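We have chain A already, so just place chain B on it with the hints.
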Amino acid sequence: MTTTHADPTTGIEPAAAEKNGAAKIVCNACPVLCNITLGRSGACDRYANLGGVLTRVDPLVLTRKSAGREQVPLGEAIGQGGAWDASAKEARPDELAADQAEDLFITGVGATTTYPDYKPAPFIVSTRHEGVDTVTVVTEGVFSYCSFKVKIDTDRYIGPEQAPVRCDGEVVGHVTTAEYGSQMLSLGGVHHLTGGSKREGRVTCQMMMDLGNKKPVELEIEGGAKLVVAAGKAPVINGAPEKRMRVGCGSATIGIFAPQWKDHVDEVIVVDDHITGVLTEHQAGKYIEMKPAGIRIKGKRSTPGRYFQVANPGLGWGGTDITDPLSIIDKVDEKTAWPGLRVLFVSTTGEDSAYFVLDKELKFVSTPMPAPVQKVVDRIGENCEPALCTVLFLGGAGGSLRAGVTENPILLTRSIKNLITNVTCGGAPAYVWPGGGIMVMVDVSRMPDNSFGYVPTPAIVAPVEFTMKLEDYAALGGYMGSVIPVGAALQGQKYAVVEQAPQNPWPIGSQPVVG
Amino acid sequence: MNPAATRTALAGGREHWQHGPIDLVIAVDGDAAAVARAYARAWTRFQGVLDELVAELPLLRTRVDQVSAARGVVARRMVAATRPFAAEFITPMAAVAGSVAQEIAGIFAAEAGVRKAYVNNGGDIALHLAAGEGMAIGLVANAHAPALDAQVQVSSAGGIRGVATSGWRGRSFSLGVADSVTVLAHSASAADAAATMIANAVNVQHPAIARAPADTLKDDTDLGSRLVTVEVGELPADACAIALDRGYAAANLYLRRGLIIGAALALKNQWRTIGRLGGPDLEQASPLTRLAA
Numbered sequence: 001m002t003t004t005h006a007d008p009t010t011g012i013e014p015a016a017a018e019k020n021g022a023a024k025i026v027c028n029a030c031p032v033l034c035n036i037t038l039g040r041s042g043a044c045d046r047y048a049n050l051g052g053v054l055t056r057v058d059p060l061v062l063t064r065k066s067a068g069r070e071q072v073p074l075g076e077a078i079g080q081g082g083a084w085d086a087s088a089k090e091a092r093p094d095e096l097a098a099d100q101a102e103d104l105f106i107t108g109v110g111a112t113t114t115y116p117d118y119k120p121a122p123f124i125v126s127t128r129h130e131g132v133d134t135v136t137v138v139t140e141g142v143f144s145y146c147s148f149k150v151k152i153d154t155d156r157y158i159g160p161e162q163a164p165v166r167c168d169g170e171v172v173g174h175v176t177t178a179e180y181g182s183q184m185l186s187l188g189g190v191h192h193l194t195g196g197s198k199r200e201g202r203v204t205c206q207m208m209m210d211l212g213n214k215k216p217v218e219l220e221i222e223g224g225a226k227l228v229v230a231a232g233k234a235p236v237i238n239g240a241p242e243k244r245m246r247v248g249c250g251s252a253t254i255g256i257f258a259p260q261w262k263d264h265v266d267e268v269i270v271v272d273d274h275i276t277g278v279l280t281e282h283q284a285g286k287y288i289e290m291k292p293a294g295i296r297i298k299g300k301r302s303t304p305g306r307y308f309q310v311a312n313p314g315l316g317w318g319g320t321d322i323t324d325p326l327s328i329i330d331k332v333d334e335k336t337a338w339p340g341l342r343v344l345f346v347s348t349t350g351e352d353s354a355y356f357v358l359d360k361e362l363k364f365v366s367t368p369m370p371a372p373v374q375k376v377v378d379r380i381g382e383n384c385e386p387a388l389c390t391v392l393f394l395g396g397a398g399g400s401l402r403a404g405v406t407e408n409p410i411l412l413t414r415s416i417k418n419l420i421t422n423v424t425c426g427g428a429p430a431y432v433w434p435g436g437g438i439m440v441m442v443d444v445s446r447m448p449d450n451s452f453g454y455v456p457t458p459a460i461v462a463p464v465e466f467t468m469k470l471e472d473y474a475a476l477g478g479y480m481g482s483v484i485p486v487g488a489a490l491q492g493q494k495y496a497v498v499e500q501a502p503q504n505p506w507p508i509g510s511q512p513v514v515g
Numbered sequence: 516m517n518p519a520a521t522r523t524a525l526a527g528g529r530e531h532w533q534h535g536p537i538d539l540v541i542a543v544d545g546d547a548a549a550v551a552r553a554y555a556r557a558w559t560r561f562q563g564v565l566d567e568l569v570a571e572l573p574l575l576r577t578r579v580d581q582v583s584a585a586r587g588v589v590a591r592r593m594v595a596a597t598r599p600f601a602a603e604f605i606t607p608m609a610a611v612a613g614s615v616a617q618e619i620a621g622i623f624a625a626e627a628g629v630r631k632a633y634v635n636n637g638g639d640i641a642l643h644l645a646a647g648e649g650m651a652i653g654l655v656a657n658a659h660a661p662a663l664d665a666q667v668q669v670s671s672a673g674g675i676r677g678v679a680t681s682g683w684r685g686r687s688f689s690l691g692v693a694d695s696v697t698v699l700a701h702s703a704s705a706a707d708a709a710a711t712m713i714a715n716a717v718n719v720q721h722p723a724i725a726r727a728p729a730d731t732l733k734d735d736t737d738l739g740s741r742l743v744t745v746e747v748g749e750l751p752a753d754a755c756a757i758a759l760d761r762g763y764a765a766a767n768l769y770l771r772r773g774l775i776i777g778a779a780l781a782l783k784n785q786w787r788t789i790g791r792l793g794g795p796d797l798e799q800a801s802p803l804t805r806l807a808a
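Same order as they appear, the protein sequences are chains A and B.
Okay, so the first sequence: first residue is 1 according to my numbering, each after it adds one.
Okay, so the second sequence: first residue is 516 according to my numbering, each after it adds one.
Just chain A, with the same shape it has in the complex (with noise of 0.2 Å):
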């Protein structure tokens, strides 16, 4: 990767050429502290003395396709696991044959960057594709301007919209919009980066980094929840990790399992922190012609059966606070309930569930939950989703970086939005945003580990790859002259190979996702 200074929470920069003799530095990115001489890479071969800076030298990633080939092991790290720098080999071109070298994709992992000069991107590839002749144009951009949004899938309030998101101690983001069964949070971007203290861009830098290489991240919430967030992973509120969606509000879930109810329970209040359901009341209970039970609950009513604020947002039932689920009752109606009386309560999510029969008093009664109405609370877990963290990088490519492309850089611009480019990060396909520019948002589970690094500025790194026909290409203005095949890119290279991600469309021959 680029230009990954020493320790990004330190912010100690590279002592170029300090006291060591003109060209030699001193390495801080271990205990070791190896003098490096210009050109050379420390003991550990991850770090490198280039122009007297100190760089990180990870190796070039692949993809190759993963669907019907026998998978040859390269060695112990490669597939699912993070460490694939262990198997990084030097290029033989007698590996590469034509055939094979169809199935591979350059990321721009480890392909380092041109940034800021103008001058054609690390590696402009040939590959055939199909019968026809395609380049991809493979770098690593530099984000001043790029972001994380995360998704976390929980109902569980973590703190007020708006509220700022401290790591560290330091400002990283806020809490935005709350989605449909998810808390939304907004992190990174330029103002933290560059905009605030050094610390606050360091810790934003490394937090963003992390995020990205879908590492564990502790947050916390102004006036909320501390939570560790890592992307693909159950999200961690308060020390205790999230394990399912709900299924759908009070009243949803009211709707989806009424007819299920109907003939083992007189009453079923189903507890949400958004909307609280009562069977009996709700539209969905009288369409089956339920009796009414007379049992009230809190809160307020919206339309029958609907009942917003029983409790305060919390971490017991279905996001409330509340634990014993009869605190949420206001009265019993002696006129219509009656004694016998079957009450089920249960969150949204099946986490939670009681089951209480009225005695002669109209006192509830906790009673062993019969089998069929059990079947029914274990139906609403099954239907929940696995509560997860999404992590979506969002980085702008339409600057600088395009001038690796082409010397006429609103023709790549076009070129993408004319369906005509491809698009991806690592591999993996980037949402193009409407609008100028090329604003690309892609989720980082997709992207090979560890793709992204950093520079001091500080800001992100992150891999780019732009995929066209090779005549489409020319009609850009690319920089023909710089076109090369796979295998000859690779000599003497260092590179690691990993399994494209299944879910991914191959990026070669692939059109763009344009908003």
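FYI, nobody ran anything at the bench for these hints, they're computed from the structure.
Any given hint might turn out to be false.
[What the hints assert, rightly or not] Quick list of in silico lysine to aspartate or glutamate cross-link-like pairs, EDC-like style, CA-CA up to 20 Å: (1) 24(A) to 734(B); (2) 233(A) to 530(B); (3) 215(A) to 530(B); (4) 335(A) to 351(A); (5) 24(A) to 735(B); (6) 494(A) to 746(B); (7) 733(B) to 45(A); (8) 151(A) to 102(A); (9) 24(A) to 530(B).
[Said to hold, decoys possible] Covered stretches of chain A, going by a simulated chain B footprint (3 or more residues, C-beta under 8 Å): (10) 25 to 31; (11) 425 to 431.
As the structure is a computational prediction, the values presented were derived from the model and not from experiment.
Note that CB positions come from ideal geometry on N, CA and C, so glycine has one too.
Chain B only, in chain A's frame:
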């Protein structure tokens, strides 16, 4: 100021631990509680290992016949593992990878409920096998054209606790031209030192071999200006045979001295095997070696 050691889960329940130039891949099998206890202890230990080594790095880069005593337990193990080879040029650094692996594997071995474990430090592997346990180890001659070339079944009774591989393509420099030399020994530190020395011995003069002084390639190398192999081109079969025979002679000597249990030497398409890996050669080994094996 230095970034801390990192710990990453890998597929199949393995873990990757990294600190500076140290890369470990660890797999452990046994009673879950015991494994967890051992992992916790091993991780604590691992975080201190690099600093200890760095503290006496100049000493560890000195040829071993000029080293009197090292302080750290890993450093002492490096010295002990390389001293038997002191008749030739060797520094304790020749056993650094194996010695670190052995330190971590030793922690797993000390926990009664851990049945078996391996700690792979960039190809130098320390094993722990409780009584009755075994493990299959694959040999790959050329990591740049990987194929499973052979498989060795090791068992607790056989005494093999270290497997190390050396060659000019590896991360450390080699004076020789072997694609790989894999050594089985009683400990990972012994295997590491021996693999280095045997790989150095696999050598021949030929124009197809490019060499360069080590200190023109890497700063602070313990090899100084000694010529190390940077490229092996089209080497004819007879030249390969000469190189391998030289390596075999060295391996045979170490086998007889009880320093190794077996070795496999690979160059281009040719192989030599000896000791536990060689079949008939075991008969010629000294009774001492056979007992130890």
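Worksheet item: Checked against the structure, which of the hints given earlier come out wrong?
Response: 4, 8, 9 and 11
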